[in-house]
Amino acid sequence: MQTPVLEIEHLSKSYGYIKALDDFTLTIHKGEVFGILGPNGSGKTTTLGILLDILKADKGHYRWFGKLPDSHSRRRIGALLEQPLFYPYLSAERNLELVADIKGAEYDEIDSILKKVGLFERKTSKFKTFSLGMKQRLAIAAALIGDPEVLILDEPTNGLDPKSIAEIRNLIIDIANKGLTVILASHLLDEVQKTCSHVAILDKGKSLHSGKVEDVLNSSSQLELKSENMSLLKTVAVNFDFVGESKIENETLVLSLKRDIDPAQVNKELASQGIYLSHISLRKRSLESYFLELLSGNDA
Amino acid sequence: MLRLIKIDFKKYFYSKVFWVMISIYAAMLLLVFFGAEKFVNRVLANASTTAPVTMPGFTLYSFPYVWQNLAFFAGFLKIFLALIVLFFITNEFSNKTMRQNIMNGMSRNQFILSKLLFVILLSLASTLILSISGLILGLSYTEEYTITLALQKAIFIPAYFLEVLTFSILALFIAFLVKRSILAIGALALYSYILEPIISGSLPDSLAKFLPGEAIGNLIDIPNSALLQMFGVSFRENVSTQDAITCLVYSFLFTALIFLFYQKKDI
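Protein chains in written order, with this note's numbering: chain A, 1 to 300; chain B, 1001 to 1267.
The reader is advised that the hints may include incorrect statements.
As the list claims (entries may be wrong) - Residues of chain B placed beyond 10 angstroms of chain A at every Cβ, according to the derived structure:
hint, residue
1, V1017
2, F1076
3, N1101
4, I1102
5, G1105
6, I1112
7, T1142
8, E1143
9, P1197
10, I1198
Claimed, not checked - Calculated pairs, EDC-like style, for lysine to aspartate or glutamate (alpha carbon to alpha carbon, straight line, at most 16 angstroms):
hint, chain 1, residue 1, chain 2, residue 2
11, B, K1010, A, E93
12, B, K1006, A, E97
13, B, K1096, A, E82
14, A, K56, B, D1266
What the hints contain is simulated information worked out from the structure, not anything from laboratory work. By construction, the Cβ of each residue, glycine as well, lies at the ideal position given by its N, Cα and C atoms.
Modelling step: build the complete structure from the supplied sequences, incorporating the hints.
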């Protein structure tokens, strides 16, 4: 099997009494668009900070590209953390040149990257004259320098207007389609659901769930069934192999599903056993409802 | 190493503030070098009108004394060089660009090394201005000179470099420790002008001379002059090896502490 791009093992970090990260373990493979989802203060930025060596973990370790991390592994990663950080008195172009110098990359890609994020016309303007949205775009540009294998984006659409948000998301999807690995930290569920293939849900420094986004969505979908003979329906239905938990709500049988199913098949199967449904409905839960459910569980 | 210098240089090259600060510093140095003699002689001339004895006018610029004289005066300006260091290093913290540099693929040690190189280059530049000025002034004010005479006390050139370097490394250390420009400037001033004088006053001379500020200050003693000799005061006309070693040890110590401090620290 291919070496994972990133292996995180049992990372922990505290700031005084506060446990920012508590025994966090995660593996990310090449080509995954991995969302780290969590409310503000859940430990997302702390995790990314540790992975980029600007924060030191109290416990645990991590490997980039199968090796213990050093400055060379960071040159294969493009990163945007929290807020855009540049030299205010340098122009957009010079700032990117500095990034290229550090990464050991050539300058010729700078123009095309600036075009990609829509800043080419302002390349000679000083960073301090930029609006928040432009700063954020420049930070994304900086992350793209040096042909990175991994892109780390922490709240990349922060401070952007709706049009820019859509543009940036499309840019991320484009990048992901080229086979790059993307790690996207966000508190916006919609963003993760729209762009990510995998997700880890983080709260109070603990990982509550991690896996494929579609699995999260499927495992959290429910099938609602109604029939005249509810007790017979229940006895038969709970024996299907795709059914997890079951309960009766408002005279409706609600089944939690373990995997993706075709409701028509279910209907056919039940009919063949003499059960005729008066109601069948597949309720796909959004990542949001799953997320909120997980979080409320963690509070208790 | 060259790569680090190139990266660091780019940070300053396009900064107006940097060039303004450097120009002011260089101008002050040149003003002191080329104006010192006139100034001293005017003071002496004024003093002569009231003094019982006539004071002889003299030159500061003849070989081999020019080196110590210039180095002594230039030593007063090292605080400006330290301010440049403090300003630009603390900027890396206030703009959080050190964070970004490291995220982009510098190691912590490379970042610190790039700043150490910056300090060394600044000190070298200052020493170069001293050497060239000394050479020009010495050649024009010494009637008969030989290479031997010209270089006789040239040891004050490396001594000056060490003085400026040690002080700038102290500034570097404070900048990395304190991180905020105003606080760092305050800390350097507090230490140099208040804290160390108090400590040094309460210690016997044999110990006080090992304090960093004392050692830096002692490196180049007040130049002897005919005037001072008239009063029977005599200062050292050489560089004490002990002071030089003390300065080297502090330079090494402060540098090592910065590296050590940043091994395990959150940035």
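Here's how the hints hold up against the structure:
1. V1017: Check fails; 7 angstroms does not lie beyond 10 angstroms.
2. F1076: The claim stands: B/F1076 keeps its Cβ more than 10 angstroms from every Cβ of chain A (closest is about 30 angstroms).
3. N1101: Not fine: 6 angstroms to the nearest Cβ puts B/N1101 too close to chain A.
4. I1102: Per Cβ check, B/I1102 is inside 10 angstroms of chain A; nearest 6 angstroms; violated.
5. G1105: 4 angstroms, violated
6. I1112: Answer for B/I1112: holds, closest chain A Cβ roughly 13 angstroms.
7. T1142: 45 angstroms, holds
8. E1143: 50 angstroms, holds
9. P1197: Given a closest Cβ separation of 37 angstroms, the condition holds.
10. I1198: The assertion about B/I1198 holds, with a minimum of 34 angstroms to chain A.
11. B/K1010 x A/E93: 12 angstroms, holds
12. B/K1006 x A/E97: 11 angstroms, holds
13. B/K1096 x A/E82: 11 angstroms, holds
14. A/K56 x B/D1266: Judged against 16 angstroms, a Cα distance of about 6 angstroms means the pair holds.
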